[in-house]
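2 protein chains.
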Amino acid sequence: MATIRDVAKRAGVSVATVSRALNDKGYVHEDTRKLIHDAIQQLNYRPNEVARSLYNKKSRLIGLLLPDIRNPFFPELARGVEDEIQAHDFRLMIGNADEKPEKESEYVHTFKQNHVTGIISATSNKDISFYDELSFPVVFLDRTTDQHPSVYADGVDGGKMAVRELVRRGSKRITLLRGPVELKTAQDRFKGAIDEICTLNVEFNVMNTSSFAFEDAEESARELFERYPDTDGIIASNDIVAAAILHEALRTGKGIPEDLQIIGFDDIPLSKLLYPSLSTIRQPAYEMGREAAGLLIKMIQGKAVEQKNIKLPVTFIERQTTRKDGNNG
Amino acid sequence: MATIRDVAKRAGVSVATVSRALNDKGYVHEDTRKLIHDAIQQLNYRPNEVARSLYNKKSRLIGLLLPDIRNPFFPELARGVEDEIQAHDFRLMIGNADEKPEKESEYVHTFKQNHVTGIISATSNKDISFYDELSFPVVFLDRTTDQHPSVYADGVDGGKMAVRELVRRGSKRITLLRGPVELKTAQDRFKGAIDEICTLNVEFNVMNTSSFAFEDAEESARELFERYPDTDGIIASNDIVAAAILHEALRTGKGIPEDLQIIGFDDIPLSKLLYPSLSTIRQPAYEMGREAAGLLIKMIQGKAVEQKNIKLPVTFIERQTTRKDGNNG
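Going down the list, the protein sequences come from chains A and B.
1 is the number of the first residue of the first sequence in our numbering; add one for each residue after it.
1 is the number of the first residue of the second sequence in our numbering; add one for each residue after it.
Chain A with its partners taken away, still in its complex shape (with noise of 0.2 Å):
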């Protein structure tokens, strides 16, 4: 049987070199990582996992690096890393950075000092210096970045979606709420949206909306109404957003979806308790929150990752605020 030695003299790297790639200990660089892991399967190793459980038993935690948990759509995100990573032993440490840099920065810190195997972060803040000097591995989730492994959804693709589907069901006049323009996502879905509205015969106007907070959202669905009282479309930044949006429309008296469509962003668990049922741009944050908890385990773990920017499909989740589909207006 092959031991570890075999491993390291086939993989041309020290015994020392291999232990830290199995037990997470330490950098390994991607490269010799590979080699390990290729040794590994040529040569049919088993490492003792009774022994390894036994020497990491203290470094199975991982940090998870929020914006705040109170927005719905992040407990989702949160309970698929959890269920991933409890799956594979591991234990969760949990931090809301607020979108702050100072507080995210200190987060990262203390998550180093408790001697975290690695951190899944969902924040958006644009300077991500102090995750490179890390010596583990760290996912991006819900954040399009090239420098690091990260997984998504495809918010281009959701802004297209939502502008195709309600033209299809005959809005002609699509107020397109912008979400804060310092947050990727949100920007990514509202080019989506611009670059699909452009190519079509249709008026619209633009609506910047500064943040995702209830309170935030009762105001700009009042604003919305008042500059632009004729629009029969409104493609809402995210959920959240769009509750507002439709509260203010009913309380206005408009008829949902006859004189007003409105298509949200997310499929938070209560847009279908809404009344009439949110129509929105599903992002599968459950299974996000998954990936990025796999990915990085294999990236603890030394495996080989084949891709490391994981994109996955968003979908249109029809319901009550939107048309029937050839009912157009």
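Take these hints with a grain of salt, some might be off.
No copy is singled out in the list; a pair is fine if it fits within one copy or between any two copies.
Pairs of lysine to aspartate or glutamate residues, derived as EDC-like cross-links and limited to a Cα-Cα distance of at most 20 Å, are as follows [to be verified]:
(1) Lys34 to Glu248
(2) Lys272 to Glu223
(3) Lys100 to Asp195
(4) Lys103 to Asp83
Please keep in mind that the hints were generated in silico from the structure rather than gathered at the bench.
Bear in mind the structure is a predicted one, so any value in this text is a computation, not a measurement.
Once you have looked at the hints, place chain B on chain A.
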């Protein structure tokens, strides 16, 4: 200036015991903590904070156990806990136990392995024996128990309040939705409602709901109107169930609040975005989280805790699913 030796002498205990109490290491009996606490106050002893924090660096983790972060009540609770412990330089480990005792016990075990200094548990499992042998303090959250320190909202009063508000706003045939029997908090509010309604001259009926999940809530709503088509006031077991009932009521053409009044429980963030917005009994979730964390930290620091079971008040939030006071039917 007083030294740790002076404190030990005054309290009649060993220096090691004082050190344990100060540094949150190992078990110190509550009475002994009290003696040490008094001695510290009498001598105006100031421990060396720098030395203490160095010594403690590795054990500033607090474990939080939740039923399921995807229930919109819990993110608020979790955020309250995190903000409070963060302010005291502690960090959060989190686990969702899904109300499964074996998952809960496993999490407690792994929290222990990860050297947490305390646990906050918001689960509802009846068997809490595995919390008894721990060497660090435990605070129960959103749960009434005499055996352990706890922080919870006054559900009994909330149930009474809901009945009073519905009746004085004119409902005469009230349906009480009883939450899952295994959840003490759900039963507290149900008990309060039953006690109150029995003192009043109104008809009522009771319907059981087996869970707080979104899918089950839709099912319950449909069943309710089949069984009690002429009910004119509903006290839902929580806001999710209330949202599902509101949805079903609007779908079947009921006038809200003219034909039917609805009161929820919790005041989750989306309640005010529903249309009509949901009247509800508010539990101060965020504050409950902060209180529980504050209580736990006091215990970790060996400070005297005067009140070990903290009951926070609930409040009626008047929105649009109830009639104006005095305008009774």
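Hints, verified against the model:
1. Lys34 to Glu248: Classified as neither: same-chain Cα gap 56 Å, cross-chain 56 Å, threshold 20 Å.
2. Lys272 to Glu223: between (25 Å within a copy, 18 Å between copies)
3. Lys100 to Asp195: neither (31 Å within a copy, 48 Å between copies)
4. Lys103 to Asp83: The answer is between: 12 Å across copies meets 20 Å, while 26 Å in one copy does not.
The structure fails hints 1 and 3 (numbered hints given earlier, in ascending order).
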